[in-house]
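Chemist: In case you want the letters, here they are:
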Amino acid sequence: MSLTVDAGLSMAWDVTVDDAPVALSARGDLVAVAGAEGTVKVLDAATGAGIGALDLPGGALNTALAPHARHLTVTGPTGYALWRRSDGHVTVRESGAWSATAVWAHDARVAVACGRRALVLDPDGEELWRTGAAASTVTDLAWLRQGRRLAVAAYGAVRGHERHAEEPVATYPYIGSHLALAVAPTGKWICSGNQDASIHIWRIRDGSELTMSGYQEKVSRLAFDDTGFWLAADGAPDVTVWDFSGKGPAGTAPRSLRRHETITALAWRPGPAGHLASGGHDGTIALWYATAGQPQSLLRPARELDGDGLAVAALAWAGPHLLIAAWRDGRVRAYGVPSRTVL
Amino acid sequence: MKETVRALLGLDDDTAVMVRRLTCTEPGCPPVETVVAVLPMDGEPRRWTLHRPVEQITEDDLRAALLNPEHQSHQEPELTTPASPQPHDGRVPVTVLTGFLGSGKTTLLNRILTENHGMRMAVIENEFGEVGIDDALVLDSEEEIFEMNNGCICCTVRGDLIRILGALMRRRRKFDHILIETTGLADPAPVAQTFFMDDEIASQLRLDAIVTLVDAAHVMQHLDEEKPEGVENEAVEQIAFADRVVLNKTDLADESTLTEVEARIRSINAPVQILRARHADIDLRQVLDVGAFDLQRVLADDPSFLTETEHQHDTTVTSVGIELEGELDETRLNTWLGSLLRTKGVDIFRSKGILALAGEPKQYVFQGVHMLLDGTLGREWREGEPRGNKLVFIGRDLDRDALVSGFSGCLAVAGAAA
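From first to last, the protein sequence lines stand for chains V and U.
Using UniProt numbering, the first residue of the first sequence is number 1, and each one after it goes up by one.
Using UniProt numbering, the first residue of the second sequence is number 1, and each one after it goes up by one.
Any given hint could turn out to be false.
Stretch-level coverage of chain U by chain V, calculated; a stretch enters the list once three of its residues show a Cβ under 8 Å from a Cβ in chain V [as the list claims (entries may be wrong)]:
1. 139 to 152
2. 155 to 166
3. 169 to 178
Derived, one-sided and incomplete: chain U residues facing chain V with beta-carbon distance under 8 Å [stated by the list, open to error]:
4. His51
5. Asp198
6. Asp199
Hints were generated in silico from the structure; no laboratory data involved.
Every residue gets a Cβ at the ideal spot worked out from N, C-alpha and C, and that includes glycine.
Assemble the whole structure, with the sequences as input and the hints as a guide.
Modeler: See the structure below:
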């Protein structure tokens, strides 16, 4: 089946889930869709066929497939769950604690936010180690140093934790609530998106800091592209894209990507081409050459898919050629993007 | 500006347009925004937030914002809110329930959840498992107060509420009403500010009222409790912030005590409505969806709020109500109010006012929480209605004479060649 959307972009599949999607994860040959009520569907990325399902009582906030798609986590307001592909086994932990997210270091290790701590688990849910308590509920996690150090965002600081020590081995303080965390794949930068409508940046090497303020709203979505040279952020109607190559973004102006009024999803296309997908509250999806032009440029979408008024809930790339989109009403669609260089 | 909105959207006369401005008087504090709401007689309300002061908004800004088919709340068309006293704007009302341990919050919560009001409720509790009921969603929360790097207290919000409410709103089925129970020691200001400071929350939820329960027999000792220097008396703060006080367990106190307690409550918060109850057995319509934070209803609850209260007690938290005839000069008013809240905002817990601005056919209504001000034009002054001003401040160490003289200085005739 191949429904034509417009020249060059075809819909590979279209399914509807019986929940309001909140998160997507795409790894290997799978796509996972988590709904607000806690239902998770695991789909074949190529066809959209269902190959697994699980439920997290208390609702879901996020989901993450392991790199080779053999395991999956789903995290929610009152706990988390793990799913094993080989036999469909599900482990549910109803901890009563808020689990904002989970991130895989590699196939054998996942960090799960659990209240004010992060737990590091093996793929079957056995605890390997845990961090000490942060100042508030953990809001986001990211792995550093090839999965040896875990960055934990919460109120007042991003803290770096390693195994066998409750206390952090590094602390990056900033007064405010860190809502989103992004670590550059170059290993050079830690960035937090904040409730106070700013992005705070630390250079990992020496801990030097930079704050990008002036956003209109809280910054709750941050994403580095594969090169680690580009950071995309919400917090305003325009997506802002900052240049982190060389000495970083100090003293520079971002590119502004204008299409949405309220941004509800951001996903970089895998690869070095600087292609970005964004979704809006009105259901529109835009594709961008996000690194084109000069700093401070106002960019227009290379392509857009009009919505019908219901917000885009999440976007994810299942490899460089398939963009997955989920809308709040339960629609999940995959679009083929055949050319590596053209959107 | 309203006319521009009408022209751009081609609205009919039955559709109300509301322009609200939210400002913080603290220098360097970023949140200055103008909210445009369009409330048709039939059909869905729409709402836009522009992040700049109303004076700086051009027609092009409005066109860009309003004609973009975006940023409009999607609500189920008819909320079951019996006897709703005001046209709701599509946002889900939120009631904040405060009160000391033992004041009967759990009893009231149980009543609200079990009474047949036909509303789908969500409850955010501070302790899990106290109340559980099939029809309602009950969520646990631990108070997380987030201050911001800029140090402005108006930016202090409740992080736990932001994430819990955010997750609630992403669910498919919408709630008709949300109830937040705070601990007896909670400061109500960050709770209230959360509903103004977080755009995601403000666009979908509206703070309806702060309801404070007090135990009639024991509240005086809490109010009189001496706190160390710099420590707040939470019981006093909770009464100061309240829109409704439920004077509970009246069966356990005699009439003279009740009278004394009521007078004491009024000395702190003159305009508050006090509801007497035995086992939290109040008419729920008096606490749910009452629109106490609705600017159109500011001060409409109890016109007698300005009655001078007797200061039987040496309380440092008091109300100052001012009534002043005549019209105000807008520039002078902004200067005075701005500087007052900038310098005294920490001590002024709440402020409310209905004002007559010179040259403006409509009432100007506002209310504030600390330094944060939310204002809009209300109804038109009626023919023959004397144009006057009513203002109330609730706070700590208020200087009535200074407030009266400052406010009087804003009169359009003061020092002007009329």
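Chemist: Go through the numbered hints given earlier and state which of them the structure violates, listing their numbers in rising order.
Modeler: Hint check: nothing fails, all pass.
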